[in-house]
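Visitor: Chain by chain, the residues:
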Amino acid sequence: MTPTMIDSPSTQRIDEAKEALDAHVRDMAQWHFSPETGCPYWLEWAGNADWDPASEITCYADLLRFPNFDGELLRTLPHEQWVPKAYGDRPFHIFETGGTTGMPKQRIQWDDYKIDYELFSETLDPEAFPRGGYWLMVGPTGPRRLRLSIEHLANHMGCSCYFVDLDPRWVKKVIANKKMDQAKDYMKHVIDQALLILQNRTVNALFTTPRLLETLSEHVSIPETGIKGVFCGGTEMSPQYTRFLIEEVLENKTKLVPTYGNTLMGLACSRPLTADDNYSITYHAPQPRAAMRVVDPDNPDALIEYDQWGRVELTTLTKEFFMPRFLERDEAIRRHPCEQFPWDGVGDVRPFRAMQETIVEGVY
Amino acid sequence: MPHFPVLRWGEPYKSLDVETVVHFATGETLGEVSQANGGIIARDMRKAHRAREVLREIPIPELLKRLSSAADKFLNDELPAGDGTQTPQQYVTCQSATTGLPEHMCRANMEKLHFVLTNLEQILNALTRNLNPKILSDGYALEDDIMRSRQALTPALGMVLPSNSPGTHGLWLPVIALQIGLVLKPGPQEPWTPYRMAEAFFQSGIPREAIALYPGGIEAGRAVVEHVPRKMIFGSIQTVEQYRGDESVQVHGPGYSKILIGEDMVDQWEDYLDILVDSVVINGGRSCINCSGIWAPRHTKEIAEAMGERMGKIAPLPPDDPDAPLAAFTIKQQAEGINTLIENGIKEDGIEDVAARYRDGERHIVEERCAYLRPTLLHCPSPEMTMANTEYMFPFASVVECPQNEMLDRIGGTLVGTILSNDESFRRKAVDAMHIDRLNLGPIPTFKIDWLQPHEGNIIEFLFRERALQIA
Numbered sequence: 094m095t096p097t098m099i100d101s102p103s104t105q106r107i108d109e110a111k112e113a114l115d116a117h118v119r120d121m122a123q124w125h126f127s128p129e130t131g132c133p134y135w136l137e138w139a140g141n142a143d144w145d146p147a148s149e150i151t152c153y154a155d156l157l158r159f160p161n162f163d164g165e166l167l168r169t170l171p172h173e174q175w176v177p178k179a180y181g182d183r184p185f186h187i188f189e190t191g192g193t194t195g196m197p198k199q200r201i202q203w204d205d206y207k208i209d210y211e212l213f214s215e216t217l218d219p220e221a222f223p224r225g226g227y228w229l230m231v232g233p234t235g236p237r238r239l240r241l242s243i244e245h246l247a248n249h250m251g252c253s254c255y256f257v258d259l260d261p262r263w264v265k266k267v268i269a270n271k272k273m274d275q276a277k278d279y280m281k282h283v284i285d286q287a288l289l290i291l292q293n294r295t296v297n298a299l300f301t302t303p304r305l306l307e308t309l310s311e312h313v314s315i316p317e318t319g320i321k322g323v324f325c326g327g328t329e330m331s332p333q334y335t336r337f338l339i340e341e342v343l344e345n346k347t348k349l350v351p352t353y354g355n356t357l358m359g360l361a362c363s364r365p366l367t368a369d370d371n372y373s374i375t376y377h378a379p380q381p382r383a384a385m386r387v388v389d390p391d392n393p394d395a396l397i398e399y400d401q402w403g404r405v406e407l408t409t410l411t412k413e414f415f416m417p418r419f420l421e422r423d424e425a426i427r428r429h430p431c432e433q434f435p436w437d438g439v440g441d442v443r444p445f446r447a448m449q450e451t452i453v454e455g456v457y
Numbered sequence: 008m009p010h011f012p013v014l015r016w017g018e019p020y021k022s023l024d025v026e027t028v029v030h031f032a033t034g035e036t037l038g039e040v041s042q043a044n045g046g047i048i049a050r051d052m053r054k055a056h057r058a059r060e061v062l063r064e065i066p067i068p069e070l071l072k073r074l075s076s077a078a079d080k081f082l083n084d085e086l087p088a089g090d091g092t093q094t095p096q097q098y099v100t101c102q103s104a105t106t107g108l109p110e111h112m113c114r115a116n117m118e119k120l121h122f123v124l125t126n127l128e129q130i131l132n133a134l135t136r137n138l139n140p141k142i143l144s145d146g147y148a149l150e151d152d153i154m155r156s157r158q159a160l161t162p163a164l165g166m167v168l169p170s171n172s173p174g175t176h177g178l179w180l181p182v183i184a185l186q187i188g189l190v191l192k193p194g195p196q197e198p199w200t201p202y203r204m205a206e207a208f209f210q211s212g213i214p215r216e217a218i219a220l221y222p223g224g225i226e227a228g229r230a231v232v233e234h235v236p237r238k239m240i241f242g243s244i245q246t247v248e249q250y251r252g253d254e255s256v257q258v259h260g261p262g263y264s265k266i267l268i269g270e271d272m273v274d275q276w277e278d279y280l281d282i283l284v285d286s287v288v289i290n291g292g293r294s295c296i297n298c299s300g301i302w303a304p305r306h307t308k309e310i311a312e313a314m315g316e317r318m319g320k321i322a323p324l325p326p327d328d329p330d331a332p333l334a335a336f337t338i339k340q341q342a343e344g345i346n347t348l349i350e351n352g353i354k355e356d357g358i359e360d361v362a363a364r365y366r367d368g369e370r371h372i373v374e375e376r377c378a379y380l381r382p383t384l385l386h387c388p389s390p391e392m393t394m395a396n397t398e399y400m401f402p403f404a405s406v407v408e409c410p411q412n413e414m415l416d417r418i419g420g421t422l423v424g425t426i427l428s429n430d431e432s433f434r435r436k437a438v439d440a441m442h443i444d445r446l447n448l449g450p451i452p453t454f455k456i457d458w459l460q461p462h463e464g465n466i467i468e469f470l471f472r473e474r475a476l477q478i479a
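Chains as they are written, first to last, in the numbering used here: chain F, 94 to 457; chain H, 8 to 479.
Bound-form chain F, shown alone (with noise of 0.2 angstroms):
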């Protein structure tokens, strides 16, 4: 019989991603640390360790001899730094986090947000995102690497999209300071504007997050708009909203991917969703590009067991940029690999309680 993508998978695919995995570390660890390609960052970091990245890692595993990385430095360092010498003096993207805890964590990229979006576009079902057609975000866009990375998506996929913009800094403000009048009417703001696009064109796939969909979808069928493929992602999403979403806001009949990502890491898959596991959502990271650990937030080191909650860890690994063992501000489940994705997998995230900044989830 053949296995369907949410069956375990074989012992020989699992081995099989993990050394795929192993020879893409060994790859990038000679990349960043060779004076030809590496940036003045990594580069001064080796000089100083009494090791050597390049030559000493090895696997996966060997990452562990770097220190969990400070996302600090993201809003300190000149991004010269980061630039890797092969890159020379190619103008770049400056992307940016969240922001709403002050300076926001800024990345550098050039190509790398294409690359993860089209390998992403490789997991997604053509019938619920067909090729050609138009796509609509409605979302944060301004700093953000989400609205370059959606319009490549869907160029990519022949598609063309309409942005409505959200200023998810200005929303969390205004909550924080409990002006939820305020947030309510920026939220209708924003709705408005995405009913009057929904309203004079026709739209096949739709990205947004789950608030402004549910609010969306008080005021439109999504189904009957056309809309055929709702990408969804940027805050938690419990099991039972996961099956409100699916069974009550897009009525079983859009198709909804909810997506975990942002500048650092790119863009986790989700496995396919079914009640069968009570809508619980488990996101794979792009590897080898990125790898996710759950470890103990105790002891960053250790992984957490199996179906045990822990926080996120996570390792980003392309030819632009370098980010052993970053803890995100995220906790999840460790959940098992599957067919579709022979590694592990981050299940139900939400925000990591302990941590004592206070993050505002909000209507947004």
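Because the hints were derived from the structure by calculation, they are not lab data. Bear in mind that the values here come from a model prediction, so they are computed numbers and not experimental data. A couple of the hints might just be wrong.
To be verified - Below are the BS3-like pairs computed for lysine-lysine, each with C-alpha atoms no more than 30 angstroms apart in a straight line:
| id | chain 1 | residue 1 | chain 2 | residue 2 |
| --- | --- | --- | --- | --- |
| 1 | H | Lys-54 | F | Lys-348 |
| 2 | F | Lys-346 | H | Lys-21 |
| 3 | F | Lys-271 | F | Lys-198 |
| 4 | H | Lys-54 | F | Lys-281 |
| 5 | H | Lys-54 | F | Lys-321 |
| 6 | F | Lys-178 | F | Lys-207 |
| 7 | H | Lys-320 | H | Lys-354 |
| 8 | F | Lys-198 | F | Lys-266 |
| 9 | H | Lys-54 | F | Lys-277 |
| 10 | F | Lys-346 | H | Lys-54 |
| 11 | F | Lys-348 | H | Lys-21 |
| 12 | F | Lys-321 | F | Lys-346 |
| 13 | H | Lys-308 | H | Lys-455 |
Guided by the hints, dock chain H onto chain F, whose structure is given.
Guide: Okay, now just chain H, sitting in the frame of chain F:
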């Protein structure tokens, strides 16, 4: 262990998110409750008009009969409870076990709800001033050749219910008879009454489409407030302030109920000692209609001494003891916080916890999974003192010395005000006082509620508006 689903206009919906309700003393899980997310409520409210439609298909007199039958079922029958069943005794045991109220108080509340439901016709006649029910059903009717019209302001009433005060359920019982649907968000520790009452209604022929139950977290409460056109909520003084001026919300906050003794009767204060003490301690002192202030122009030390002696001796007993006088705090920290506030408050010069002298032990009793606060009676020699106008959720009151001519200006918002005075001028001022909601003239305990009179606003006026209607 029963599972209580969300009821979406009567249709059970088992959510993936569930919460358990546990016994406050043993930690035993007594039930599992589905949790509604806000979006579900928002979507269901699009169909709220259906609740009123199905109820209008049944004439009000017939609804009253069915509700009277429901009252008996609620009091006496084994009824469906989630995916199991529940006898009246099991209901009492569960309610006591999760709210901390002694069983005999739960039983008394049950009887109170039965009383309200079986006397609904009288209650509605009183609240509508004998309005022809057709006017509520059809929106208008001719009475003595005069056109009278009432327009429903909502197809359903939303209720965000508290966990700690089962007596509040009496407020929503008349609503179905008015052909208005119910949207109930039960308190996390008190799902028992909304579910049992809804089942009693269904078993008596009230259409399932008329009632929605949305257990859930803060998000569910917010959704009820946001999406139901008329709603009642219960909360602190801050909640009351938050919704002040919003006529779509009726907020039930702290009562600050009081007994004011006039110059003419204060020398006979001993004649009223039972009323004073009972008003403070009855029902575990948990209700907004319990008295939290006794104001008198003199003899306040003696009054405090006599009340303190009686109240200080009151101690907790097991919840199933028929004489148990106190409710447990199921959240221990809450009792601890209140105790600290009182301890800080009585540091002010001149204030004394008189009951402490008669108490064998501390006010704050900590048990493994719960806590108790023993009755506390303060003497405040001046109305200026912070503790002169304070209310806590246990038998707590202050005896405040204040000249009669200053009392009404100083008492602040008062849900129930009992005036012990025959001084016509004082009584007249009390009648005119806008900050007293329920006024008792004469020796009436604050907790004695006449159901034929409105409570914190007339529910008919909250749900219907009077308007002009002409037909050519």
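Visitor: Each hint: holds or not?
Guide: Verification of the hints:
no.	hint	result
1	Lys-54/H <-> Lys-348/F	holds, 26 angstroms
2	Lys-346/F <-> Lys-21/H	holds, 21 angstroms
3	Lys-271/F <-> Lys-198/F	holds, 26 angstroms
4	Lys-54/H <-> Lys-281/F	holds, 22 angstroms
5	Lys-54/H <-> Lys-321/F	holds, 26 angstroms
6	Lys-178/F <-> Lys-207/F	holds, 21 angstroms
7	Lys-320/H <-> Lys-354/H	holds, 23 angstroms
8	Lys-198/F <-> Lys-266/F	holds, 18 angstroms
9	Lys-54/H <-> Lys-277/F	holds, 23 angstroms
10	Lys-346/F <-> Lys-54/H	holds, 21 angstroms
11	Lys-348/F <-> Lys-21/H	holds, 23 angstroms
12	Lys-321/F <-> Lys-346/F	holds, 8 angstroms
13	Lys-308/H <-> Lys-455/H	holds, 26 angstroms
Taken one by one, the earlier hints all hold for this structure without exception.
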